[in-house]
Amino acid sequence: MQFKQDGNTFIIYVEQNEPIMETLTQFCKSQNIDNGQISGIGAVREIDFGAYDLENKKYVRQLFDNLWELTSFQGNIILKNGEPSIHAHITISDHNLDVKGGHLFEAKVGAVGEFILKKIETNGKREFDPRIGLFCMEFNN
Amino acid sequence: MQFKQDGNTFIIYVEQNEPIMETLTQFCKSQNIDNGQISGIGAVREIDFGAYDLENKKYVRQLFDNLWELTSFQGNIILKNGEPSIHAHITISDHNLDVKGGHLFEAKVGAVGEFILKKIETNGKREFDPRIGLFCMEFNN
Amino acid sequence: MQFKQDGNTFIIYVEQNEPIMETLTQFCKSQNIDNGQISGIGAVREIDFGAYDLENKKYVRQLFDNLWELTSFQGNIILKNGEPSIHAHITISDHNLDVKGGHLFEAKVGAVGEFILKKIETNGKREFDPRIGLFCMEFNN
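Protein chains in written order, with this note's numbering: chain X, 4 to 144; chain E, 4 to 144; chain S, 4 to 144.
Heads up, some of the hints might be wrong.
Where chains are identical, the list cannot tell them apart; a pair therefore holds if satisfied intra-copy or between any two copies.
To be verified - 30 Å max Cα-Cα, derived DSS-like pairs, lysine-lysine:
# : residue 1 : residue 2
1 : K83       : K60
2 : K7        : K61
3 : K83       : K128
4 : K61       : K83
5 : K7        : K60
6 : K32       : K7
7 : K60       : K111
8 : K32       : K111
Hint data in this document are derived by calculation from the structure and do not stem from the laboratory.
Let's have the full structure, built from the sequences with the hints guiding it.
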């Protein structure tokens, strides 16, 4: 992992074979980033992602081993149990340029991982919301 | 709807059953945001979206009732007829992680709606462009 | 091409028939933007895009002539051989709202091209990485 910094904006290069979510989360902790925004592109493999089944309050998941283009990575950083936590959704494309997408659990960089992170100087947190079954943003209390 | 503010950057939580475009547009009016950028992720339903048919100068539209992941929401805020107006495109994914996408008219939050809005301190506006058939950015006059 | 500026943030309107990558790259040069972030939406045609074949170290490419919604454009600006260079990935949707995606070589604006560019005041550069076969971010040397 390498990065460049301009104030609260970071260009982050996650390198081949590095796990994206783990690497970016560790970066937030090391830089004291509690809230923020991340977006990115690249090429990834070992992609563990899914969609939320609200009725059964659990994720349906798929794992793709092969190399896919990371056509879009969009996410936010919010405190969960006192630690910065990244929530990110992706779209990916294969060699036919067909696209899949969902909630990202983890993926490894297959070729390059190019991210831009903006630290937001707020203290927003997530709390478990039993109606949704997820840790949801809770900014009022 | 709940939000956190850091200068011109807002983290906005649009809550279950709230209409995204209406809620975000109202937020822009209440905060005097004339120009800006919005991105977001979440899970949505009652999705009214489409693609522009330039030849016939009208949108083809589809309505999806079920819950879909909001894999990407990207948009801008520009003045139209003196009011802030959001132009946003989305991609969404289903439980097979298959993806659809297009121009967003409106969608309701199905589980969570997590947005980051950056106010841009300019006064860009849209004017109707008869060649395109749409209100297009017009920054020169 | 028209734009509005708020400090290091630019709203850029790439107009019908203008080539997106060439127009935005020329804009970076004219504004002395060495590093930055770009995102955007619109409607495009003559879309030259692809996916990276790591094994053979070359892109597989497709060319779509027709008008597609530009559902997501995400990219960064990094120096390559001393000049600002844009790396961007897109997703696009057709009139069935089906989505394709990949690495963008070039596309023309079919109806409108609406971009937001943020200049980042760093000097990050790309160097050729023979293991990957691409010019990759190289921030350490």
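For each hint, the structure was consulted:
| no. | hint | in the structure |
| --- | --- | --- |
| 1 | K83 x K60 | within (19 Å within a copy, 41 Å between copies) |
| 2 | K7 x K61 | between (37 Å within a copy, 28 Å between copies) |
| 3 | K83 x K128 | within (6 Å within a copy, 35 Å between copies) |
| 4 | K61 x K83 | within (18 Å within a copy, 41 Å between copies) |
| 5 | K7 x K60 | between (39 Å within a copy, 27 Å between copies) |
| 6 | K32 x K7 | both (17 Å within a copy, 20 Å between copies) |
| 7 | K60 x K111 | both (27 Å within a copy, 19 Å between copies) |
| 8 | K32 x K111 | within (20 Å within a copy, 33 Å between copies) |
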